[in-house]
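K.L.:
Assemble the dimeric complex from its two separately framed chains, guided by the hints.
Chain residues, written in single-letter form:
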Amino acid sequence: MNPASRSPWALARTVIAAAGLGFVAPALGGACLDYAGESFGTCAATPSSGTSGNGDGANKAGSGVGNGAPAPATTLDCGTTAPGVPEAGSGSGSAAP
Amino acid sequence: MSPARRDRAGLLALGLVALALRLAYRIDHDEDLDALRFRLAVDRFDIASLRPHAPFYPVYIGAAKLVAALGASAHLALAIVSAAAGAALVVLTALLAFEVLGRRAAWIAGALALASPFLWLSSEKLLSDVPGAAGIALALWLLARARRLPARAASLRTSALLALGVGLGVRLSYFPFAIVATVVVARAEGGHGAYLTRARDLVVGVVPWLVPLVIVAGARPLVIAALGQGTGHFTRWGGSALTVTSPVDRLHGVVWGLWANVLGGAWIDAPPARWLGAPLLAILLVVAARRASLPALRRQPELVVGALAYFVWATLGQNTAYKPRHWVPLAPILIVALAAGAEALAARFRGGIAVVALLAAQWITDGAALVAAHRVPSPAAALVAFVAAASDHTPIITLDLGPLLAEGAPGRRVLPAPTLADSPPRAAWITGEALSPALLRQLAEHGLEARPIFARPRSRYVDSLWSDLALWDITQKRPDK
Numbered sequence: 001m002n003p004a005s006r007s008p009w010a011l012a013r014t015v016i017a018a019a020g021l022g023f024v025a026p027a028l029g030g031a032c033l034d035y036a037g038e039s040f041g042t043c044a045a046t047p048s049s050g051t052s053g054n055g056d057g058a059n060k061a062g063s064g065v066g067n068g069a070p071a072p073a074t075t076l077d078c079g080t081t082a083p084g085v086p087e088a089g090s091g092s093g094s095a096a097p
Numbered sequence: 098m099s100p101a102r103r104d105r106a107g108l109l110a111l112g113l114v115a116l117a118l119r120l121a122y123r124i125d126h127d128e129d130l131d132a133l134r135f136r137l138a139v140d141r142f143d144i145a146s147l148r149p150h151a152p153f154y155p156v157y158i159g160a161a162k163l164v165a166a167l168g169a170s171a172h173l174a175l176a177i178v179s180a181a182a183g184a185a186l187v188v189l190t191a192l193l194a195f196e197v198l199g200r201r202a203a204w205i206a207g208a209l210a211l212a213s214p215f216l217w218l219s220s221e222k223l224l225s226d227v228p229g230a231a232g233i234a235l236a237l238w239l240l241a242r243a244r245r246l247p248a249r250a251a252s253l254r255t256s257a258l259l260a261l262g263v264g265l266g267v268r269l270s271y272f273p274f275a276i277v278a279t280v281v282v283a284r285a286e287g288g289h290g291a292y293l294t295r296a297r298d299l300v301v302g303v304v305p306w307l308v309p310l311v312i313v314a315g316a317r318p319l320v321i322a323a324l325g326q327g328t329g330h331f332t333r334w335g336g337s338a339l340t341v342t343s344p345v346d347r348l349h350g351v352v353w354g355l356w357a358n359v360l361g362g363a364w365i366d367a368p369p370a371r372w373l374g375a376p377l378l379a380i381l382l383v384v385a386a387r388r389a390s391l392p393a394l395r396r397q398p399e400l401v402v403g404a405l406a407y408f409v410w411a412t413l414g415q416n417t418a419y420k421p422r423h424w425v426p427l428a429p430i431l432i433v434a435l436a437a438g439a440e441a442l443a444a445r446f447r448g449g450i451a452v453v454a455l456l457a458a459q460w461i462t463d464g465a466a467l468v469a470a471h472r473v474p475s476p477a478a479a480l481v482a483f484v485a486a487a488s489d490h491t492p493i494i495t496l497d498l499g500p501l502l503a504e505g506a507p508g509r510r511v512l513p514a515p516t517l518a519d520s521p522p523r524a525a526w527i528t529g530e531a532l533s534p535a536l537l538r539q540l541a542e543h544g545l546e547a548r549p550i551f552a553r554p555r556s557r558y559v560d561s562l563w564s565d566l567a568l569w570d571i572t573q574k575r576p577d578k
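As given, the protein sequences belong to chains A and B, one line each in that order.
Each residue of the first sequence is one higher than the last, beginning at 1 in this note's numbering.
Each residue of the second sequence is one higher than the last, beginning at 98 in this note's numbering.
Chain B with its partners taken away, still in its complex shape (with noise of 0.2 Å):
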């Protein structure tokens, strides 16, 4: 068999390894807010009533309804293009190393991105960061491979543009990959005019989703949607540096998104065998940055000014304090990074490529039990069928849970969190989200506490937000003993 037929064949029997797996674990409840305003979009597509949220998702959501336009529920096409758009990225991680790093690192960044819990996890959930990271993937491999194929670069820069405007319809906020690709490559190219022959090619890419977005939703909705959306992201919800300021906030979830969750690191509430593989990892890291010169890093502009710039935006504008997944289309540059460090370590000593296989192993059997974990309900979905269950009619306050409530315990009363300018609420059930200290001291105050009375807590390395949500019942409160 020839060596391109051989990584034909490997490259399918990978694609169809991680698909099989990352459809074995599907979920089909709804997670937590996100996903349940995904799920309401494939049955039913209303910006208005944040069906889904912004910035909308178009191609997602457009891709889950043709799987469910074919018989599958809404969940189950949230999962199946979660699914594909996983096994696609391993593969792609694997093509781009190729590109980047030869045929050999190709195999251990596929073997890695199989095996990543990162991945792994993140493709079981039903949302749009796998897909979106498989578009920025598939771009930055077309880039790589314009580098090494000189005469038929032009076409692949085209795809790879071409990708990557459709693919701000998957996922907007990775759009910095999109700018600097397309000036990179305009730069590249050169003369007059790159800069807006290869800016077209990128808005061919978008007015595929964008055009129809406009009719389908209707232009002043969108813009309204839009407008209200994106202000509430920087000054409310978004947790971007702008709500979440604190400086060491920020730094923690950086090194505790990209360490313990990307690249599956150890950690102090971590699973205990991530010891085991932190060396390894650590290993790795540090002969990457040995081997990685500037002319080298100069070869790649697209892939590492791209990754620079997400970084800095992730940073700043989206809520990476609490929240790895903002980290995923970093998740397949790292794992080819990690190949390098492989490769290069594999060719001073015989026992390198040992250490991929113990990394790998280690990694795979942390995504087993992280992804068999996921499958249960999440804590915020679990507190809702709680809820629904609940024979007695207790109005419930909340902050967040409100949308997952109306539709989980449709009739049950809920009520928005008190202001401490109103009068501490009475006899109300209250989600822990809603529970500031404040409201505890007012309660206090009238004579009131608040009870647990449900918690399915789970680790924060299946759920970073909400991970230990309780529902907590306000009542008299009982004299000491």
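So that you can see chain A by itself, here it is in the shape it has in the complex (with noise of 0.2 Å):
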């Protein structure tokens, strides 16, 4: 073991180490189980945001289109789409005319 590792800054990095996934790990597993313990098609919880990002461009940019396609209907996502908002594709091509 390097003999740095037993100065006391490295004696007060393990206590902050210590400390903060003392609080972190419990908090966020915690939450986890909650959240897998409900039903995760509802997300009573969840405010809709609508999507994220600029899209992934799955119609690459210029191509004048979006691919119009459903997207796969999944349950974890619903933090992210208001329920019941029909969705359309991923494209995210623009359109000069």
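The hints are simulated quantities; they were obtained by calculation from the structure and are not laboratory data.
A virtual CB, placed ideally from N, CA and C, is assigned to each residue, including glycine.
It is possible that some hints are incorrect.
Here are the in silico distance ranges between beta carbons for each label pair [to be verified]: (1) B:A106 x A:A18: 42 to 48 Å; (2) A:C32 x B:A482: 39 to 45 Å; (3) A:S7 x B:L163: 27 to 33 Å.
P.N.:
Structure follows, in structure tokens:
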């Protein structure tokens, strides 16, 4: 083991890491278990927020069109889409006249 | 003046010039959806409303909030963070080259980093790519320095891992560098517990942003948003190999992204002047490749393996088919490679440095044109401004521009893109990314058509996505003349 790993600074790092993980792991782990215990399909507490990012450009930029195909239904991504809102394709191509 | 003092003065000048150039060409509009979400997050951080989107970028937003607290607008705060990080990235590229290749290569790399059109333009974007890449470059420099200065290696490596941990809060998608560095450092130090100790150091960099994030966002909303956005990234919008499945498109994206964007190389639709720089680039790359030996590469495993791991991840897990900005963290490494080629060339020919000077001149001219074009509102921003200024109240169908329209043209009725099961829309405007071939066919079957009514296209080297986005009007089909 490196001698530096026995210094006060190393001890402080161990304490910071342990305290941080001691807080974060139960908080996020508990939330995950809590969430997994519910029906993933309902997402009652999830706000609708629309999609994120600038699209995947499935129809490359400049192609003028999206693909228009209905997006595959998922249950885990309800945090990003208002329940009941129909979705269209994922293309982010653009369209210049 | 001693060489060390001259180096410091040179680095300071390099950083100041880079900062001034970046601040001079800053923008103050919402360029795209990601930039909008960052700007909204500076005003009010709320992950449930995707202010910003996952993975929430807490360090980046926190830095911008600090600048905003001094009185800057959200746009200006983000621009200052990007410009400062961009200037730091130029300096760090030179420092990295110094540790790996020596003093002359450092000057070459500094000059190329300052001139790089890709780094300059990326530093003008109100996005987290350049701040994240600056963190990676800082860590790689510290790790390379640790290899050169064994007496200080332990503390330098600790600093590098802390920087990588903090950097994950700037841009989580650069995680391959952090994992590789942790493993390589622990493996080099060996002994019992080295992996645990070095993983601890990475965690120490993560804790200062993750704990506040959990407290501010709440554990449950954080889990829900992260799961939803994470799943969405890989199944719908993220542009990973799961959604953009064509190997040809992905390979094209890799080559176009790295050559025509990161290196500013010639391409069929790129500025013609690039054909002057392309042979110089090719020469430097070939000479660098000939110089690179396996032992030399093995001397910098954090750099080489980290870059390779990131390349694989970005190729498969990011939207590299259409978004070259995911290559930003590789740009400093490629510039160091060019500097290696230039140095080898200069050792053989007196005119070797002239090659670098010519390339730098072509690059900075190219970069100035790109950042000047970038100051004009993007096609998406111009479209939103057009809608906001329009006097009629025609609803707008859109796929991806909803948040931009809601912010820029509040009060305008925005409709989601219809599915084919729906009846075709009538008397509506539609944004180009929502206009699919199937929808066009459906419109035609019902005697309707889409006519373009607004577009402000610009070079895809300024906007890789939505570069020619247009607004279309859905109307009754006019009889053919």
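K.L.:
Looking back at the numbered hints, which does the structure fail to meet, lowest number first?
P.N.:
none
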